[in-house]
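*Asks:* Here is what each chain is made of, one letter per residue.
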Amino acid sequence: QKEVEQDPGPLSVPEGAIVSLNCTYSNSAFQYFMWYRQYSRKGPELLMYTYSSGNKEDGRFTAQVDKSSKYISLFIRDSQPSDSATYLCAMSPIDQKVTFGTGTKLQVIP
Amino acid sequence: DAEITQSPRHKITETGRQVTLACHQTWNHNNMFWYRQDLGHGLRLIHYSYGVQDTNKGEVSDGYSVSRSNTEDLPLTLESAASSQTSVYFCASSRDRVDEQYFGPGTRLTVT
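Those protein sequence lines, which keep their order, are chains A and B.
Read in order, the letters of the first sequence correspond to residues 325 to 434 in our numbering.
Read in order, the letters of the second sequence correspond to residues 12 to 123 in our numbering.
Think of the hints as simulated: they come from the structure by calculation, not from any bench.
Treat the hints with caution; some may be incorrect.
[To be verified] Here are the computed lysine-lysine pairs in the DSS-like style, where the Cα-Cα straight-line distance is at most 27 Å:
{"hint": "1", "chain 1": "A", "residue 1": "391", "chain 2": "A", "residue 2": "421"}
{"hint": "2", "chain 1": "A", "residue 1": "380", "chain 2": "A", "residue 2": "391"}
{"hint": "3", "chain 1": "B", "residue 1": "68", "chain 2": "A", "residue 2": "326"}
{"hint": "4", "chain 1": "A", "residue 1": "326", "chain 2": "A", "residue 2": "394"}
{"hint": "5", "chain 1": "A", "residue 1": "429", "chain 2": "A", "residue 2": "326"}
{"hint": "6", "chain 1": "B", "residue 1": "22", "chain 2": "A", "residue 2": "326"}
{"hint": "7", "chain 1": "B", "residue 1": "22", "chain 2": "A", "residue 2": "429"}
{"hint": "8", "chain 1": "A", "residue 1": "380", "chain 2": "A", "residue 2": "429"}
{"hint": "9", "chain 1": "A", "residue 1": "366", "chain 2": "A", "residue 2": "380"}
{"hint": "10", "chain 1": "A", "residue 1": "421", "chain 2": "B", "residue 2": "68"}
{"hint": "11", "chain 1": "B", "residue 1": "68", "chain 2": "A", "residue 2": "366"}
{"hint": "12", "chain 1": "A", "residue 1": "429", "chain 2": "A", "residue 2": "394"}
{"hint": "13", "chain 1": "A", "residue 1": "421", "chain 2": "A", "residue 2": "326"}
{"hint": "14", "chain 1": "A", "residue 1": "326", "chain 2": "A", "residue 2": "380"}
{"hint": "15", "chain 1": "A", "residue 1": "391", "chain 2": "A", "residue 2": "366"}
Let the sequences and hints guide you as you build the complete structure.
*Replies:* This is the structure we're talking about:
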């Protein structure tokens with residue numbers, strides 16, 4: 325079993341829809357939780373960064389962490405075609421290496 | 012502006028050849044990482060460094076080596092390229108050990 329599980333998709337939604345992306349994990353030591361966005365043939369770039377449990381909002385993006393369920397989510401409101409990309413969750417214990425999910429490919433159709 | 016660059020962007024090589032992929036960052040970050048990205052596996056850590064003269068093995072280090080002689084560069088060497096090493100390779104750097112990692116544009120390597 326992988327430490328971090330992420331549905332690869334692809335996920336296809338109409339423009340304006342609310343998108344929900346999720347990851348589950350097995351390592352209870354994970355404390356830092358991140359979402360990276362990767363456009364085709366580009367390197368990943370950090371989108372959201374949270375520590376421990378709770379929610380964090382940044383514009384149209386909301387990251388949620390539920391440590392009791394070992395489950396994290398990224399919500400995208402009013403999705404745009406420019407949001408079409410692969411979204412990677414990532415997490416790590418304190419002061420240790422980051423483990424990445426395999427990524428979910430999202431397509432927002434105009 | 013600070014950046015992280017990789018070269019070459021594309022490389023085709025033959026089985027058994029030694030290949031070196033370059034990574035250069037101008038962020039002045041102490042931490043640098045090499046990943047490979049394959050369909051179904053996501054990003055897997057090959058080697059990483061927390062500073063000059065420091066190198067550490069990641070989860071898929073067999074057949075790869077790195078050296079860190081200065082802050083800016085972490086070259087990745089494939090000692091004897093194998094077809095299983097056909098992949099997209101990303102270099103990344105970060106200020107702190109658990110911090111935002113800045114990724115390079117990637118090197119697409121094909122071993123024939």
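*Asks:* With reference to the structure, classify each hint as holding or not holding.
*Replies:* Against the structure, the hints:
1. A:391 / A:421: 19 Å, holds
2. A:380 / A:391: 14 Å, holds
3. B:68 / A:326: 19 Å, holds
4. A:326 / A:394: 13 Å, holds
5. A:429 / A:326: Cα-Cα ~19 Å, so holds.
6. B:22 / A:326: 30 Å, violated
7. B:22 / A:429: 26 Å, holds
8. A:380 / A:429: 22 Å, holds
9. A:366 / A:380: 26 Å, holds
10. A:421 / B:68: Holds, at about 11 Å.
11. B:68 / A:366: Holds: residue 68 of chain B and residue 366 of chain A sit about 25 Å apart, inside 27 Å.
12. A:429 / A:394: The given pair, whose Cα atoms are some 22 Å apart, holds under the 27 Å limit.
13. A:421 / A:326: Between residue 421 of chain A and residue 326 of chain A the Cα gap is close to 15 Å, so the pair holds against 27 Å.
14. A:326 / A:380: Given pair residue 326 of chain A, residue 380 of chain A holds - Cα atoms ~26 Å apart, limit 27 Å.
15. A:391 / A:366: Cα-Cα ~31 Å, so violated.
Of the numbered hints stated above, those contradicted by the structure are hints 6, 15, listed in ascending order.
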